[in-house]
Amino acid sequence: DTGVSQDPRHKITKRGQNVTFRCDPISEHNRLYWYRQTLGQGPEFLTYFQNEAQLEKSRLLSDRFSAERPKGSFSTLEIQRTEQGDSAMYLCASSSATGGWEETQYFGPGTRLLVL
Amino acid sequence: DAKTTQPPSMDCAEGRAANLPCNHSTISGNEYVYWYRQIHSQGPQYIIHGLKNNETNEMASLIITEDRKSSTLILPHATLRDTAVYYCIVRTPTSGTYKYIFGTGTRLKVLA
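Chains A and B, in that order, are what the protein sequence lines are. First residue of the first sequence? That's 38 in the numbering used here, and the numbers climb one at a time after it. First residue of the second sequence? That's 7 in the numbering used here, and the numbers climb one at a time after it.
Note that these hints are calculated values from the structure, not bench results. Where is the CB? At the ideal position from N, CA and C, for every residue including glycine. Heads up, some of the hints might be wrong.
[Stated by the list, open to error] Computed spacing ranges between beta-carbons, pair by pair:
1) S99(A) x N29(B): 28 to 36 angstroms
2) A134(A) x M65(B): 22 to 30 angstroms
3) N60(B) x K51(A): 45 to 53 angstroms
4) G53(A) x D73(B): 51 to 59 angstroms
5) T62(B) x I63(A): 22 to 30 angstroms
6) I63(A) x N59(B): 38 to 46 angstroms
7) E72(B) x L151(A): 42 to 50 angstroms
8) S101(B) x R59(A): 18 to 26 angstroms
Given these sequences and hints, build the entire structure.
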């Protein structure tokens, strides 16, 4: 399978704990995106990387959230001191800059976080 | 901030064509329309995209009006597996790439 993969698929944690999610993009894709999706809503953009550079962050990304893509391949999203409001599906997507006008994002299966 | 408006839900009989409308009246000349669907508990799946011409692939057809203010996604022979939430997105340039701003989508239910 050469699609976007995410790990873990499900995470249950207690309020105040730190969690980290991993995303592996499609191998030739140099752009990587994180989105968050709450129940009944469409995904909301969080942040975007081109190679290892984080080029845009949404105002939704509070100080407790940090994302990295150290070697321009996989990415991690860490949430510190989790709150119940962080419960959501966290989606990763990737795309290739060589797509030009036809550039399309492909999504992974998501990590579903539940904060108790 | 979503640039699109879709009906919240639709039903379609199995084997019939499903026509999902989308309004995007503020679309700019170089903004593409993208369609994705999301089956329960999975990530969004790319379906099709277009700029101004009608497009067809193995999954669906996309009809864009001449003024580009609306479009329709057509699933020609809906099956039970097409039951999902369908998102119409206007792809917006940002920071050297493109941002997707999702709305709440249309929940399509295919009935046996």
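Can you let me know if the beta-carbon spacing of E72(B) and L151(A) is within 42 to 50 angstroms? Hint holds: Cβ distance 47 angstroms, inside 42 to 50 angstroms.
Does the Cβ-Cβ separation between N60(B) and K51(A) fall within 45 to 53 angstroms? Check passed, 52 angstroms falls within 45 to 53 angstroms.
Cβ-Cβ distance between A134(A) and M65(B): within 22 to 30 angstroms? 25 angstroms Cβ-Cβ, so the 22 to 30 angstroms window holds.
Has the hinted range 38 to 46 angstroms been met by the Cβ atoms of I63(A) and N59(B)? 27 angstroms, violated
G53(A) paired with D73(B), Cβ distance criterion 51 to 59 angstroms: Given about 53 angstroms between the Cβ atoms, the range holds.
Is 22 to 30 angstroms right for how far apart the beta carbons of T62(B) and I63(A) are? 24 angstroms, holds
Tell me if the beta carbons of S99(A) and N29(B) are separated by a distance inside 28 to 36 angstroms. 33 angstroms Cβ-Cβ, so the 28 to 36 angstroms window holds.
Does the beta carbon distance between S101(B) and R59(A) stay inside 18 to 26 angstroms, or does it fall outside? At 23 angstroms between Cβs, range holds.
Hint check: a violation occurs at hint 6 only; the rest are consistent with the structure.
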